[in-house]
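Residue numbers (our numbering), protein chains in the order written: chain W, 368 to 561; chain X, 202 to 553.
Rather than coming from a laboratory, the hints here were simulated on the basis of the structure.
Nothing here was measured: the structure is a model prediction, and the numbers come from that model.
Among the hints, erroneous ones may be present.
[Said to hold, decoys possible] Mimicking EDC-like on lysine to aspartate or glutamate, the simulated pairs with C-alpha atoms at most 16 Å apart in a straight line are: (1) X/Lys-375 to X/Asp-215; (2) X/Lys-461 to X/Glu-488; (3) X/Lys-345 to X/Asp-357; (4) X/Lys-482 to X/Glu-363; (5) X/Lys-375 to X/Glu-488; (6) X/Lys-207 to W/Glu-397; (7) W/Lys-465 to X/Asp-215; (8) X/Lys-474 to X/Asp-413; (9) X/Lys-345 to X/Glu-403; (10) X/Lys-207 to W/Glu-476; (11) X/Lys-482 to X/Glu-371; (12) W/Lys-511 to W/Glu-500; (13) W/Lys-466 to X/Asp-215; (14) X/Lys-207 to W/Asp-484; (15) X/Lys-375 to X/Glu-352; (16) X/Lys-207 to W/Glu-500; (17) X/Lys-207 to W/Glu-483; (18) W/Lys-432 to W/Asp-374; (19) X/Lys-482 to X/Asp-360; (20) X/Lys-207 to W/Glu-480; (21) X/Lys-345 to X/Glu-487; (22) X/Lys-345 to X/Glu-488; (23) X/Lys-474 to X/Glu-412; (24) X/Lys-482 to X/Asp-339.
[Stated by the list, open to error] Short, incomplete list of chain W residues facing chain X, as computed with Cβ under 8 Å: (25) Leu-400; (26) Asn-433; (27) Leu-467; (28) Met-469; (29) Ala-496.
[Stated by the list, open to error] Beta-carbon label-pair distances, calculated as ranges: (30) X/Val-520 to W/Arg-393: 46 to 56 Å; (31) W/Glu-384 to X/Ala-249: 28 to 38 Å; (32) W/Gly-517 to X/Pro-205: 11 to 21 Å.
C-beta: ideal position from N, C-alpha, C; glycine also.
Each chain is listed here by its residues.
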Amino acid sequence: MVQERTDAELLEASWAEPTAFVELYRRHAEDILRYFARRTLDPQAAAELTAETFAEAYASRGKYKNTGAAGVAWLYGIAKHQMGRYFRAGRVEETARKKLHMPLRHLPEEDYERIEDLIDFEPIRVALAEALETLEGDQREALKLRVIDGLPYPDVAARLHCAEAAARQRVSRGLRRLALVLQERGLELTAEVD
Amino acid sequence: MDSPIKYLNQLEADLDAVAETKTVKGRGGGRGGRARGGRWKTWSGAAAAFLVLAWGIGFLADAGLNDGSFSLAGVDAGSATQAGTGTNDEAVPAASPALLPVAEEAFLPWTAAGDTTTDRTISIGKTQIADLSKIVRDGSLSIKIANGTFERRFEDVTDIAEAYGGYVLESETKGAGSGSLTLRIPAARFDDAIVAVRALGEVSASQMSGEDVTAEYVDLQARLTILEARRDVLLSLMTQATTIPQTITVQNALDGVQLKIEQIQGQLRFFDKQVAESTLKVELREEGVEEELTQEEEEIGNPSLSRAVDRAIQGFFGVLATVIVGLGYLVPLGVLGGLGYGAVMLARRRRR
Numbered sequence: 368m369v370q371e372r373t374d375a376e377l378l379e380a381s382w383a384e385p386t387a388f389v390e391l392y393r394r395h396a397e398d399i400l401r402y403f404a405r406r407t408l409d410p411q412a413a414a415e416l417t418a419e420t421f422a423e424a425y426a427s428r429g430k431y432k433n434t435g436a437a438g439v440a441w442l443y444g445i446a447k448h449q450m451g452r453y454f455r456a457g458r459v460e461e462t463a464r465k466k467l468h469m470p471l472r473h474l475p476e477e478d479y480e481r482i483e484d485l486i487d488f489e490p491i492r493v494a495l496a497e498a499l500e501t502l503e504g505d506q507r508e509a510l511k512l513r514v515i516d517g518l519p520y521p522d523v524a525a526r527l528h529c530a531e532a533a534a535r536q537r538v539s540r541g542l543r544r545l546a547l548v549l550q551e552r553g554l555e556l557t558a559e560v561d
Numbered sequence: 202m203d204s205p206i207k208y209l210n211q212l213e214a215d216l217d218a219v220a221e222t223k224t225v226k227g228r229g230g231g232r233g234g235r236a237r238g239g240r241w242k243t244w245s246g247a248a249a250a251f252l253v254l255a256w257g258i259g260f261l262a263d264a265g266l267n268d269g270s271f272s273l274a275g276v277d278a279g280s281a282t283q284a285g286t287g288t289n290d291e292a293v294p295a296a297s298p299a300l301l302p303v304a305e306e307a308f309l310p311w312t313a314a315g316d317t318t319t320d321r322t323i324s325i326g327k328t329q330i331a332d333l334s335k336i337v338r339d340g341s342l343s344i345k346i347a348n349g350t351f352e353r354r355f356e357d358v359t360d361i362a363e364a365y366g367g368y369v370l371e372s373e374t375k376g377a378g379s380g381s382l383t384l385r386i387p388a389a390r391f392d393d394a395i396v397a398v399r400a401l402g403e404v405s406a407s408q409m410s411g412e413d414v415t416a417e418y419v420d421l422q423a424r425l426t427i428l429e430a431r432r433d434v435l436l437s438l439m440t441q442a443t444t445i446p447q448t449i450t451v452q453n454a455l456d457g458v459q460l461k462i463e464q465i466q467g468q469l470r471f472f473d474k475q476v477a478e479s480t481l482k483v484e485l486r487e488e489g490v491e492e493e494l495t496q497e498e499e500e501i502g503n504p505s506l507s508r509a510v511d512r513a514i515q516g517f518f519g520v521l522a523t524v525i526v527g528l529g530y531l532v533p534l535g536v537l538g539g540l541g542y543g544a545v546m547l548a549r550r551r552r553r
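Isolated chain X, as found in the complex (with noise of 0.2 Å):
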């Protein structure tokens, strides 16, 4: 191109120098490639970005949810943590579905009974309510005790228990200065064992947990009723009977209904029994004893191959799984985001 103008004969050169470098790099390159490359890099980033995006919003709206749960567990150094209330106060579930007016306490045959040790009462006005909530309560503690002092602190451990009312379950002594004690102490006085264990001397790790099976008791008395309801009518149909065969038949069903109920009954003895007495794990070691490797620590010291490809697999699933939750916020949005978007075009395109 010979042009007067000169700026358009650079221009000329300026594009020639372009395709000339695009010439090489693109030979044995299709029609396409590149514009196409550029725009599949393009969408690929703009993926990349909405799906990291979805990972965030996930990640933001899992611990949110996780915030309001009622879990216990925590570990801290120093201090004992008790989630729920924060403190060491009994940790009472604030919308309980066992939370009944004590007048109703007169229809729930199950109530009547009145032998567990944790049903609470609570007031809320001038209306008393019956909590009626089973919750089994867990702790353990980690102590750190002063060299020498570990066989008078076992001992102080088995006298606390015994002082609140509870028991030594098991004990465990590991070399010259450390050991461990699983105590059972009735759940109204745990917290004041705890108290005491934790005076002992440096608390390094604690952690405590509750689990509420009261939508489990529940249903399981409800059973009991039924059952027990069932049984008079069949002793009734005992004392009718005229005939052995009809005699046997309903021996028969009596001794099935007759062993759901001891069955049952045992459940909820068990349950009584684990919400009336909570359990404290209690690790006593002298200063300057190694501490014992948790699982997870060995696990780290020992790698292994198949333990590797199941927590990739739970990690693979625990991104996916926040990546979901993270698009069930994003989508909608992002609906609306184009509804807008298209809407504010329409509009610019008709003004035009």
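Extracted from the complex, chain W is given alone in its bound form (with noise of 0.2 Å):
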């Protein structure tokens, strides 16, 4: 039986064979995605931190130092600084995706609710609850709806009267706007990784 190689082996052995990068995408993808989806709370913005930090990891792989702890660590604290240049800047960065010349992609509307699903609100929701209160009417009720109440997006139009895409970017913005409220009062989304 082969043995699988680890990420620092994978991290490694990617200036030589770059589809090993890819290996180790496939790997830690869904997880770096999570992680950001729960602390920026938009599926969006999640979305292209994920794309910004693989990419950023590629072009910066020489960088990497195989000092034995796990490969992957690296990875996240490439995610870390994404995040934080996110809340500063008020937008995800592009610079190492248009260095590589990859495409700025934009989220598929089927995504929005897969993405939503992987935040885990249970652990927050008294914080949540007061953070809602700071928000604007209609991002407010969008976000009651679809958050507290658990209802579908097509539900969420309707009790809002308007189309399904207006109520998807009330909640999109609601929650951006929610996940900063949280950031300022010290308040973080669950941040394990799976």
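Dock chain to chain to rebuild the complex, using the hints, since each chain is given by itself in its own frame.
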């Protein structure tokens, strides 16, 4: 039986064999996406941050030094930096993707709900309820219907008497605002990596 | 990867495409090649920009220094350039070391001679100050004259020299319509002579220069005073010599001192003459007569490898010198900037 390579080995091998990096991506892409989704509460931002993190990791894999620690820790180090920049600038950087000539993709409609599913709201429900009160009326209502009541987007749109895309936008903006409020209050969403 | 999230599948495909491209490009290349290459390019670019910046600053600094120097060189078309004052007035350095109060003349034996024609006196408030500066002035004028007037103008220049108390040191004619004269004019009337010569035609080029030999002159005079004092002592010893060997020894020493005195006196006379009389080179050329090529122009017309190498080496060291001057400004600024940046980064990190 062929022994599977460790993350560190994949990172080291990716110099001579760039496709080894893709293997690393397959292993950790979903975890990294969840990591971002739980902190930003914004599916689009979380997806873009994931893309930018892997692009930066690929571009700077020459700087990786195998010190015996898990290779994935290096990846999360980059993710942490990306998130810090996101909260400071209010937008996701595109530098690494542009450097590698990667396309800047938009999140497909159907992915919104799937990414929201990755966010576990249970541990922060109280904090969320408090933070919700700081939001504007339409955003707060959309969030309550979607996050607290757990309604699907077509139902949220029907209750708010607006198009599904508009409902999705209100939820997305509300979540982003919510993430900032939680960040300011020092309340972190669950940070565990599954 | 078969994720329910389409975005992740698309991202995998994008990364795969990038990895494939790099595999093709990087085949045969070792670890770190691209990143190091990229870093190397960045650092090279930064270093080049830094050096260009240093050169620019050095260039500006050099230009600034040259502006303040006492240089009389200048060429223009149609008007004479006289650096220092910018006019035809006598150039008087503002802060000459030889500017001394008249009262001090009594203590300076060489001023007692007072035979140089360019010693000037200027007044600042109630204090009269003797300007003892020794400046050797030279100039050249190229005059374009009307056709058929060369001989008459040639004579006019000779007349001008005599009219202003000077003389023609040498003259030369080139063909029928052009020639040059070198005039020696008393320094006090040099500017008047220039004005008169300029009036003969259209000035196509002019150059005025001045060399301050005051320091050298004062040094020679001081040495002369010491030697004269030594000669007096030796003469006194000579009268006291009682034996032939004593007389011969003192005489030899006296001869040596006397020789040196005469050498210095000769040098002082030369300086006095150079300062008292200025040299003006006048080139007359009828319209339509071709101008002689200057040495530089000849070099351009007849390129020489050795000259080219010489100029290249000069150019190289010139640029290097300018960059070094610029680094003198830039390095301290860079250090201060680095310290400031470090402090800001430290403060930010602590805030976090």
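Hints, verified against the model:
For the hint pairing X/Lys-375 with X/Asp-215, the CA-to-CA distance comes to about 82 Å; that exceeds 16 Å, so the pair is violated. For the hint pairing X/Lys-461 with X/Glu-488, the CA-to-CA distance comes to about 53 Å; that exceeds 16 Å, so the pair is violated. Our distance criterion of 16 Å between C-alpha atoms is met by X/Lys-345 and X/Asp-357, whose separation comes to about 14 Å. For the proposed pair X/Lys-482 and X/Glu-363, the alpha carbon gap of about 15 Å is at most 16 Å, so the pair holds.
With a CA separation close to 14 Å, the supplied pair X/Lys-375 and X/Glu-488 stays within the 16 Å bound. For the given pair, X/Lys-207 sits about 11 Å from W/Glu-397 by alpha-carbon distance, which is consistent with the 16 Å threshold. For the hint linking W/Lys-465 to X/Asp-215, the alpha-carbon distance of about 12 Å falls within 16 Å, and the restraint holds. The straight-line distance between the Cα atoms of X/Lys-474 and X/Asp-413 is roughly 14 Å, inside the 16 Å bound, and the hint therefore holds.
In summary, the hint linking X/Lys-345 to X/Glu-403 is supported, as the alpha carbons are separated by about 5 Å, within the 16 Å threshold. Distance hint between X/Lys-207 and W/Glu-476 is fulfilled; the C-alpha atoms sit about 10 Å from each other, no more than 16 Å. Simply put, X/Lys-482 and X/Glu-371 have alpha-carbon atoms about 9 Å apart, close enough for the 16 Å limit, and the pair holds. For the proposed pair W/Lys-511 and W/Glu-500, the alpha carbon gap of about 10 Å is at most 16 Å, so the pair holds.
Between the alpha carbons of W/Lys-466 and X/Asp-215 the distance comes to roughly 13 Å, so the proposed pair stays at or under 16 Å and holds. Between X/Lys-207 and W/Asp-484 the alpha-carbon distance is near 14 Å, which keeps this suggested pair within the 16 Å criterion. The straight-line distance between the Cα atoms of X/Lys-375 and X/Glu-352 is roughly 12 Å, inside the 16 Å bound, and the hint therefore holds. Of the supplied pair hints, the one linking X/Lys-207 and W/Glu-500 is violated, its CA atoms being roughly 33 Å apart against a limit of 16 Å.
For the hint pairing X/Lys-207 with W/Glu-483, the CA-to-CA distance comes to about 14 Å; that is within 16 Å, so the pair holds. Between W/Lys-432 and W/Asp-374 the CA atoms are separated by roughly 12 Å; this keeps the pair inside 16 Å, and the hint holds. As the CA atoms of X/Lys-482 and X/Asp-360 are separated by approximately 15 Å, the hinted pair is consistent with the 16 Å bound. The straight-line distance between the Cα atoms of X/Lys-207 and W/Glu-480 is roughly 12 Å, inside the 16 Å bound, and the hint therefore holds.
Pair hint X/Lys-345 plus X/Glu-487 holds up; C-alpha atoms about 6 Å apart against a cutoff of 16 Å. Restraint check for X/Lys-345 and X/Glu-488: the C-alpha separation of about 6 Å stays at or below 16 Å, so the hint holds. With a C-alpha separation of about 14 Å, the suggested pairing of X/Lys-474 with X/Glu-412 holds against the 16 Å cut-off. Restraint check for X/Lys-482 and X/Asp-339: the C-alpha separation of about 8 Å stays at or below 16 Å, so the hint holds.
Because the smallest distance between the Cβ of W/Leu-400 and any Cβ of chain X comes to about 7 Å, under 8 Å, the interface hint for this residue holds. Violation of the interface hint for W/Asn-433 is found here, the shortest Cβ-Cβ separation to chain X being roughly 12 Å, above the 8 Å cut-off. With 8 Å as the threshold, the beta carbon of W/Leu-467 comes within range of chain X, its nearest partner Cβ sitting at about 5 Å, so the hint holds. Because the closest C-beta pair between W/Met-469 and chain X is about 5 Å apart, less than 8 Å, the hint holds.
Restraint check, W/Ala-496 versus chain X: the minimum CB separation of about 28 Å is more than 8 Å; hint violated. Checked against the given bound of 46 to 56 Å, the beta carbons of X/Val-520 and W/Arg-393, roughly 55 Å apart, stay inside it. In this structure the supplied range 28 to 38 Å holds for W/Glu-384 paired with X/Ala-249, their Cβ-Cβ distance being about 34 Å. As the Cβ distance of W/Gly-517 to X/Pro-205 is approximately 19 Å, the hint placing it in 11 to 21 Å holds.
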